[in-house]
Amino acid sequence: MGMEDMKKFGLMAACSVLALAATTSLATANDELVEMQQNAKNWVMQLGNYSATRYSELEEINKDNVGDLQVAWSFSTGVLRGHEGGPLVIDGVMYVHTPFPNKVFALDLNDNGRIIWRYEPEQDPNVIPVMCCDTVNRGVAYGDGKIILHQADTNVVALDAKTGEELWKTQNGDPSKGETGTMSPLIAGDKVLVGNSGGEFGVQGHMTAYNLETGEQEWRAYSVGPDDQILLDPENTTHLGEPVGENSSVDTWEGDQWQLGGGTVWGWVSYDPELNLVYYGSGNPGTWNPAQRPGDNRWSMTIFARDLDTGVAKWVYQMTPHDEWDYDGVNENILVDMEIDGEQRKVLFHPDRNGFAYTLDRETGELLVAAKYDPAVNWATEVVMNEDDEQYGRPQVVAEYSTAQNGVDVNSEGICPAALGTKDQQPSAYSPETGLFYIPTNHVCMDYEPFQVSYTAGQPYVGATLSMYPAPDSHGGMGNFIAWDAAAGEIVWSVEEPFSVWSGALATAGDIVFYGTLEGYLKAVDMETGEELYRFKTPSGIIGNVNTYEHDGKQYVAVLSGIGGWAGIGLAAGLTEGTDGLGAVGAYQSLSDYTQLGGQLTVFSLPSE
Amino acid sequence: MNYLMSAATGFCGAMLLFTAASLAPAQAQDEAVDWEDKPYIVEDGKVDYGTYNGFRRYHNTCHTCHGPDGMGSTFAPALVNSLKDMSYADFAATVANGRSSSGASGNSVMPAFGDNVDVMLYIDHIYAYLKARADDAVGRGRPDRIDPENDPVFQEWQANQ
Numbered sequence: 015m016g017m018e019d020m021k022k023f024g025l026m027a028a029c030s031v032l033a034l035a036a037t038t039s040l041a042t043a044n045d046e047l048v049e050m051q052q053n054a055k056n057w058v059m060q061l062g063n064y065s066a067t068r069y070s071e072l073e074e075i076n077k078d079n080v081g082d083l084q085v086a087w088s089f090s091t092g093v094l095r096g097h098e099g100g101p102l103v104i105d106g107v108m109y110v111h112t113p114f115p116n117k118v119f120a121l122d123l124n125d126n127g128r129i130i131w132r133y134e135p136e137q138d139p140n141v142i143p144v145m146c147c148d149t150v151n152r153g154v155a156y157g158d159g160k161i162i163l164h165q166a167d168t169n170v171v172a173l174d175a176k177t178g179e180e181l182w183k184t185q186n187g188d189p190s191k192g193e194t195g196t197m198s199p200l201i202a203g204d205k206v207l208v209g210n211s212g213g214e215f216g217v218q219g220h221m222t223a224y225n226l227e228t229g230e231q232e233w234r235a236y237s238v239g240p241d242d243q244i245l246l247d248p249e250n251t252t253h254l255g256e257p258v259g260e261n262s263s264v265d266t267w268e269g270d271q272w273q274l275g276g277g278t279v280w281g282w283v284s285y286d287p288e289l290n291l292v293y294y295g296s297g298n299p300g301t302w303n304p305a306q307r308p309g310d311n312r313w314s315m316t317i318f319a320r321d322l323d324t325g326v327a328k329w330v331y332q333m334t335p336h337d338e339w340d341y342d343g344v345n346e347n348i349l350v351d352m353e354i355d356g357e358q359r360k361v362l363f364h365p366d367r368n369g370f371a372y373t374l375d376r377e378t379g380e381l382l383v384a385a386k387y388d389p390a391v392n393w394a395t396e397v398v399m400n401e402d403d404e405q406y407g408r409p410q411v412v413a414e415y416s417t418a419q420n421g422v423d424v425n426s427e428g429i430c431p432a433a434l435g436t437k438d439q440q441p442s443a444y445s446p447e448t449g450l451f452y453i454p455t456n457h458v459c460m461d462y463e464p465f466q467v468s469y470t471a472g473q474p475y476v477g478a479t480l481s482m483y484p485a486p487d488s489h490g491g492m493g494n495f496i497a498w499d500a501a502a503g504e505i506v507w508s509v510e511e512p513f514s515v516w517s518g519a520l521a522t523a524g525d526i527v528f529y530g531t532l533e534g535y536l537k538a539v540d541m542e543t544g545e546e547l548y549r550f551k552t553p554s555g556i557i558g559n560v561n562t563y564e565h566d567g568k569q570y571v572a573v574l575s576g577i578g579g580w581a582g583i584g585l586a587a588g589l590t591e592g593t594d595g596l597g598a599v600g601a602y603q604s605l606s607d608y609t610q611l612g613g614q615l616t617v618f619s620l621p622s623e
Numbered sequence: 217m218n219y220l221m222s223a224a225t226g227f228c229g230a231m232l233l234f235t236a237a238s239l240a241p242a243q244a245q246d247e248a249v250d251w252e253d254k255p256y257i258v259e260d261g262k263v264d265y266g267t268y269n270g271f272r273r274y275h276n277t278c279h280t281c282h283g284p285d286g287m288g289s290t291f292a293p294a295l296v297n298s299l300k301d302m303s304y305a306d307f308a309a310t311v312a313n314g315r316s317s318s319g320a321s322g323n324s325v326m327p328a329f330g331d332n333v334d335v336m337l338y339i340d341h342i343y344a345y346l347k348a349r350a351d352d353a354v355g356r357g358r359p360d361r362i363d364p365e366n367d368p369v370f371q372e373w374q375a376n377q
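Same order as they appear, the protein sequences are chains R and F.
Following my numbering, the numbering of the first sequence begins with 15 at its first residue and continues without gaps.
Following my numbering, the numbering of the second sequence begins with 217 at its first residue and continues without gaps.
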């Protein structure tokens, strides 16, 4: 779309917000998926349901019998790179995806996992090196009889779920500039929502809605840029309760730097069908050297609540203005209703990479709670919660850990969390029974030195050197699996892990929580206490997300193994030892001593009587 | 691509020149040290500017695939091993032109950095750092720098800017 088209389009979009306000859900809700997400026998979307809770009502496997769990069957994907995401299960068919070359398999659960169809796209291998941290893919989406695949080369493809036949295909970005595809699309209403990766290549991040039937683009909303590109309405889009005003993004960048501004959209999308709003976060601003981009760099590091039909944002919240540490804001947004200060609220919960867990009112964007969910977090003291303070909603940066204040060519030491974040994209789970969130976390700190870099299209645009090590003065491990009370902002229990927990969690009505570890264990713990009830070592490290489904009256738990991703790269040889005196224990713990590459699906069930 | 011709060989020439001129006095007079074999200076555990800057530049661009400190990853080979017997010319050509192969683990692609100034301007420094790592002259993590006043490499580098 040219500039002029964008302008016209922006205006039209703004007008249609008003027109649609009265009729929203009637016109667009995809009732099929709204229904289907409630059926615990299937697993129809990557995060389990539109609210992204990764919670299942199945309870055949429970706290008392999970210790008897066994491997029911397994399946090799034939691909050796990092396997993120997980399979979908829809009415007796399982859909399994792989990292590059992004194969898709449809497996018949009525016939021992026989392959009904397989799809392997043709892709230029030159897309591989522009994928910053391994060639991961976070999974396919299902809607209206179609499987939607988002390929590494940014092609979005609709496949007939029955036959694997290609129905439409559209290109979402330009890999020669470093734009790639890793995120899992979300299908909401009649739209496929998909964003781009490439934050380390100076691309301009965006979220795009395509028509599910035709593949035609319906709207595109950039994260950074002029108002008509970012689809923010100066008067009606709010940030912490105030209208954002005109040029809310470009005014926070120097000159044209926003064109390399990043804010890529590579995490998870959730959807509230009643409010007709979609929620997602944007990534780091372009170049990791803050000196090259003075200003708040809006709207990188931001949660967006956008109208599904028009793409226009109802509210935004920037968590880390003027990032100095690579704390992308892309993590999952979990939509639940909970009591906060005696009042029942519709909230959005977001455990951010920056180490703060945010609870917001998802209708208005009001900030309710912001608290550290790892005590190691030290780059900021707090997020100001007083509405009358001019610092309202902003993290209070500690000068010692400010890579911007310390300046270019200076190594800032002992910053927690590391650029990996207190957690990355690995999605959390929520149990309505306990009201707690179950969060896979990293417990890693870093030294960070920014320096000058130049932009070349399609080349990395980073500008910082990092060393990472386990959080000092702690248990020596690089991860924790925690239960979090989002209303109080408190850790309820925490399981220490030797490596970062890079797998998505699953909570079930059986009073248990499942997660995978980088050494390859699938673990089940007691939801109330965190006590370990079961573990099984799968063939490779787990960076995929655990799922559950029911088939023929029996409950199964499924997970992809396949070490890789940022975790596989950073931890393969062990982390660098911390700066002397910081007391890093267990440094050099080498993941390669525990596990090897290998893509495999493992499915568990209880033994038959 | 073209940087290899202009910038890199240009610099390489400069560095070789400097080896003869200013590094040699730091070594025993009669001991001819070839820059390619030993492109770094390590004194009391501290390194020259080139090696230090190589550490930084390596961790800017290369570590996302080759792992921290050149140790390798699930994605790309450990350069601490590769540099044990790779010539400077092969190294520079691989970095400038890229390389790919396909095997059991699928396509393996090393990108071409030929038109990336942030890499090609510092290719000698990255080489020095990795060579020092390969020779076990420098350990893991951030190396300490020799005082700029006493660092011939830094003096030379500054003079060339």
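It is worth saying that the hints were derived from the structure and are not from the lab.
These figures come from a predicted structure and were not determined experimentally.
Do not take every clue at face value.
If you want the ones that stay clear, here's a sample from chain R, every Cβ over 12 Å from chain F, calculated [unchecked claim]:
no. : residue
1   : Pro143
2   : Glu214
3   : Gln610
What the simulated footprint calls covered on chain R by chain F, stretch by stretch (three residues with Cβ under 8 Å from a Cβ of chain F suffice, anywhere in the stretch; the number is not a length) [as the list claims (entries may be wrong)]:
no. : region
4   : 75–85
5   : 88–102
6   : 453–467
7   : 568–582
Even for Gly, the Cβ is constructed at its ideal location relative to N, Cα and C.
Comparing the hints with the structure gives:
no.: 1; hint: Pro143; in the structure: violated (3 Å)
no.: 2; hint: Glu214; in the structure: violated (7 Å)
no.: 3; hint: Gln610; in the structure: violated (9 Å)
no.: 4; hint: 75–85; in the structure: violated (count 0)
no.: 5; hint: 88–102; in the structure: holds (count 4)
no.: 6; hint: 453–467; in the structure: holds (count 4)
no.: 7; hint: 568–582; in the structure: holds (count 3)
Comparing the model with each earlier hint shows violations of hints 1, 2, 3, 4; every other hint is respected.
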